[in-house]
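Enquirer: Each chain, letter by letter, is given below.
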Amino acid sequence: MSAAVDPATRPGGAGLLSRGVSAVGRSLLPILVVVGVIVALWYAAAIMMNRAWTLDQIERRGLEMTTSEIIADTLSQERPVLPTPVQVATELWNTTMGEPILRERRGEYRPNPRSLFFHAWQTLAPTMLGFALGTLGGILLAVGIVHNRAMDLSVMPWAIASQTIPILAIAPMIIVVLNSIGLEGLLPKSLISAYLSFFPVVVGMVKGLRSPSGMDLDLLRTYSASGGETFWKLRLPASVPFLFASLKVGIAAALVGTIVAELPTGARFGLGARLLTGSYYGQTIQIWSALFMAAICAAALVGILGLIERLVLKRMGFAR
Amino acid sequence: MRAAMQQSLVRSGMMPAVGVALVLLGALVDWRLGAILALWIGAWLVNVLISNTARGGGVRFLVPVIFGATLLGLWELAVRLFEISPIILPAPSVIAETFAANTDILWADFQQTILKGALAGYLIGCGAAFLTALLIDRSPFLQRGLLPVGNFIAALPIVGTAPILVMWFGFGWQSKAAVVVAMVFFPMLVNAVQGLKASEPMQRDLMHTYAASYGQSLMKLRLPTALPFLFNGLKICTTLALIGAIVAEFFGSPTVGMGFRIKIEVGRLAMDMVWAEIAVAALAGSGFYGLVALIERKTTFWHPSQRRG
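The listed protein sequences derive, respectively, from chains Z and Y.
Our numbering numbers the first residue of the first sequence as 29 and each following residue consecutively.
Our numbering numbers the first residue of the second sequence as 134 and each following residue consecutively.
For the record, the hints were derived by calculation from the structure and aren't laboratory data.
In this text, a Cβ means the ideal position worked out from N, Cα and C, and glycines have one as well.
Hints are not guaranteed to be accurate.
Said to hold, decoys possible - Restraint-style ranges between C-beta atoms, simulated for each label pair:
1) 213(Y) <-> 214(Z): 44 to 54 Å
2) 333(Y) <-> 342(Z): 26 to 36 Å
3) 214(Y) <-> 211(Z): 16 to 26 Å
4) 308(Z) <-> 220(Y): 24 to 34 Å
5) 331(Z) <-> 330(Y): 19 to 29 Å
6) 194(Y) <-> 296(Z): 27 to 37 Å
7) 214(Z) <-> 420(Y): 30 to 40 Å
8) 95(Z) <-> 337(Y): 18 to 28 Å
9) 434(Y) <-> 331(Z): 33 to 43 Å
10) 343(Z) <-> 214(Y): 48 to 58 Å
What the hints assert, rightly or not - Residues of chain Y clear of chain Z, computed beta-carbon distances all greater than 10 Å:
11) 156
12) 163
13) 175
14) 201
15) 214
16) 227
17) 230
18) 294
19) 297
20) 344
21) 348
22) 350
23) 352
24) 354
25) 389
26) 431
As the list claims (entries may be wrong) - Simulated pairs of lysine-lysine, DSBU-like, Cα-Cα distance not exceeding 30 Å:
27) 431(Y) <-> 353(Y)
28) 353(Y) <-> 330(Y)
29) 235(Z) <-> 353(Y)
30) 342(Z) <-> 330(Y)
31) 330(Y) <-> 235(Z)
32) 431(Y) <-> 330(Y)
33) 249(Y) <-> 431(Y)
34) 261(Z) <-> 235(Z)
35) 342(Z) <-> 235(Z)
Between the sequences and the hints, there should be enough to build the whole structure, so can you do that?
Expert: Structure representation (structure tokens):
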């Protein structure tokens, strides 16, 4: 059903992820080939980009190295321009499995700031709280818009226009302002996630609640159904596929929002903070591992939503 | 039918009464709250009245404008009456003054971030994605491999590559353009590939019976049918481009640019200047989007989504 949405408002990449995942079973080989090519290109780029430093070292120390030794060195530098996939994977493993999540200090257990799981949780918790708030608010506003013409005319143009504004770029400022009035911790970050997931849900839900055809509405009228009954038995069920499409866009936006919100505010914990400290101290491997952790989180969140979507839609009898 | 009319009459009669009651209640608690509620509910009643009685194109324009103006009025009123510190939230009038007084700085930032960083990256990224789509269009194998990977990457927080790309390409606008390229490439690629597949087998068979060459069927059939998809991708990418260009400046930039200015002025707690930059970003974002939507309207006037209802 969501495929029938006209292209002008169809969600971008995120909504398509689950379709990509379902295609995995059918055609694993092409994907593996493409991923293999990407990894090969990555290694080639790593050799090219890290070569300058190695050659410089050779010249300074007056070493003699064969080509294979030079290549081996470019792939195992401590602060490479471009770390290799193996280096990133090793760092990911060491900072997740190799580090305890809780660490004993002065007799009590505290979260271990070396564990990437801890940082990921610092980012995921506000993302999910904000996503829940934004979704709830978005659904409520959409119900209001569908049932009230004045609300529709007033709010809808602004909801659509707000999608074109790069609001994400001002996320850090909102954090600073909220901190200055005494709000700290989970809430400021989750407010940004809430804001970013709010509008996709409003727009998708309004579309979904309006999706029943005139025939369906006429049928309910011949049953002499009240407005409430029409809503619960026709409009709300019909809106579910649209809701899931916008939820997947919304949660991806919410995660990006939290990460960006952590950037210039000097946050000490969280994936965004890992990116920033990594860029300050030239720890490229740390940046890449934070980036991959963010990617894993995004894929997991969208994947879980896609799974729930498939179960719910199957249960509701939508042909997929 | 009559019951429904009675109900709506009762409701429209009730609403002002409820509104007045709310205003009085607010005024009892605090006269300033009463004033704000009076403005809000008054404007809302006007909107309800207009949208329930009048029909036509003017209403579609007037009601959102009244709503937006009301929000600005509420903001101004709340800041003035409750004497909110300008460090937390400056009034819209103060922001407008700052905007007018600093147009030269704002224009320089706009040039650096939007015209150089975002626009260059947008053109390179979308162009490269389109060419890639044309290339892999001829190979179903590559499509089956690249599309899932592209879909996957399009959902990832690409903005996180900003520190890496700033490290590689330096602090100038080139690194911002690189971030924008990375952000727009895959959403555009996915849309372009889908668009090139949008023509129907019957239509392609028809071109085949005309003995049309690959280029002819591309130009006359497949590109036109792909246009709605291409424009969908182009529109999504406008916002992404601005976000990428501004966020990349948080990681290092010359002493000009919108992201740079936001970062610096937040540090100096000069929120009016930050809000002025946000206004520029909002105007640039909706202007950019509007421009692409306008071109879409002119070129895909035949598509159902462009018909005026």
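Enquirer: If a hint holds in the structure, say so; if it doesn't, say that too.
Expert: Here is how each hint holds up against the structure:
1. 213(Y) <-> 214(Z): 44 to 54 Å: violated (32 Å)
2. 333(Y) <-> 342(Z): 26 to 36 Å: holds (29 Å)
3. 214(Y) <-> 211(Z): 16 to 26 Å: holds (22 Å)
4. 308(Z) <-> 220(Y): 24 to 34 Å: holds (27 Å)
5. 331(Z) <-> 330(Y): 19 to 29 Å: holds (25 Å)
6. 194(Y) <-> 296(Z): 27 to 37 Å: Distance hint for residue 194(Y), residue 296(Z) is violated at roughly 48 Å.
7. 214(Z) <-> 420(Y): 30 to 40 Å: For residue 214(Z) and residue 420(Y) the Cβ distance comes to about 36 Å; the hint holds.
8. 95(Z) <-> 337(Y): 18 to 28 Å: Between residue 95(Z) and residue 337(Y), where Cβ atoms are some 51 Å apart, the hint is violated.
9. 434(Y) <-> 331(Z): 33 to 43 Å: Check passed, 39 Å falls within 33 to 43 Å.
10. 343(Z) <-> 214(Y): 48 to 58 Å: holds (52 Å)
11. 156: Its Cβ never comes within 10 Å of chain Z, the nearest being 18 Å, so this holds.
12. 163: holds (19 Å)
13. 175: holds (13 Å)
14. 201: violated (7 Å)
15. 214: The claim stands: residue 214(Y) keeps its Cβ more than 10 Å from every Cβ of chain Z (closest is about 17 Å).
16. 227: holds (15 Å)
17. 230: The claim holds: residue 230(Y) sits with its nearest Cβ about 19 Å from chain Z, beyond 10 Å.
18. 294: Violated, since 7 Å does not exceed 10 Å.
19. 297: violated (6 Å)
20. 344: holds (31 Å)
21. 348: Label holds. Min Cβ-Cβ 25 Å, cutoff 10 Å.
22. 350: Holds, because the least Cβ-Cβ distance between residue 350(Y) and chain Z comes to about 21 Å, which exceeds 10 Å.
23. 352: holds (21 Å)
24. 354: holds (18 Å)
25. 389: With a cut-off of 10 Å, residue 389(Y) remains clear of chain Z, as the shortest Cβ separation is near 16 Å.
26. 431: It holds; residue 431(Y) is separated from chain Z by about 15 Å at its closest Cβ, greater than 10 Å.
27. 431(Y) <-> 353(Y): holds (17 Å)
28. 353(Y) <-> 330(Y): holds (14 Å)
29. 235(Z) <-> 353(Y): Not satisfied, since the Cα-Cα distance of roughly 33 Å exceeds 30 Å.
30. 342(Z) <-> 330(Y): holds (28 Å)
31. 330(Y) <-> 235(Z): Within the cut-off at roughly 26 Å; holds.
32. 431(Y) <-> 330(Y): Holds, because 22 Å separates the two Cα atoms, which is no more than 30 Å.
33. 249(Y) <-> 431(Y): Within the cut-off at roughly 26 Å; holds.
34. 261(Z) <-> 235(Z): holds (17 Å)
35. 342(Z) <-> 235(Z): With Cα atoms ~21 Å apart, residue 342(Z) and residue 235(Z) stay inside 30 Å; holds.
The structure does not agree with the numbered hints 1, 6, 8, 14, 18, 19 and 29 stated previously, though it agrees with the rest.
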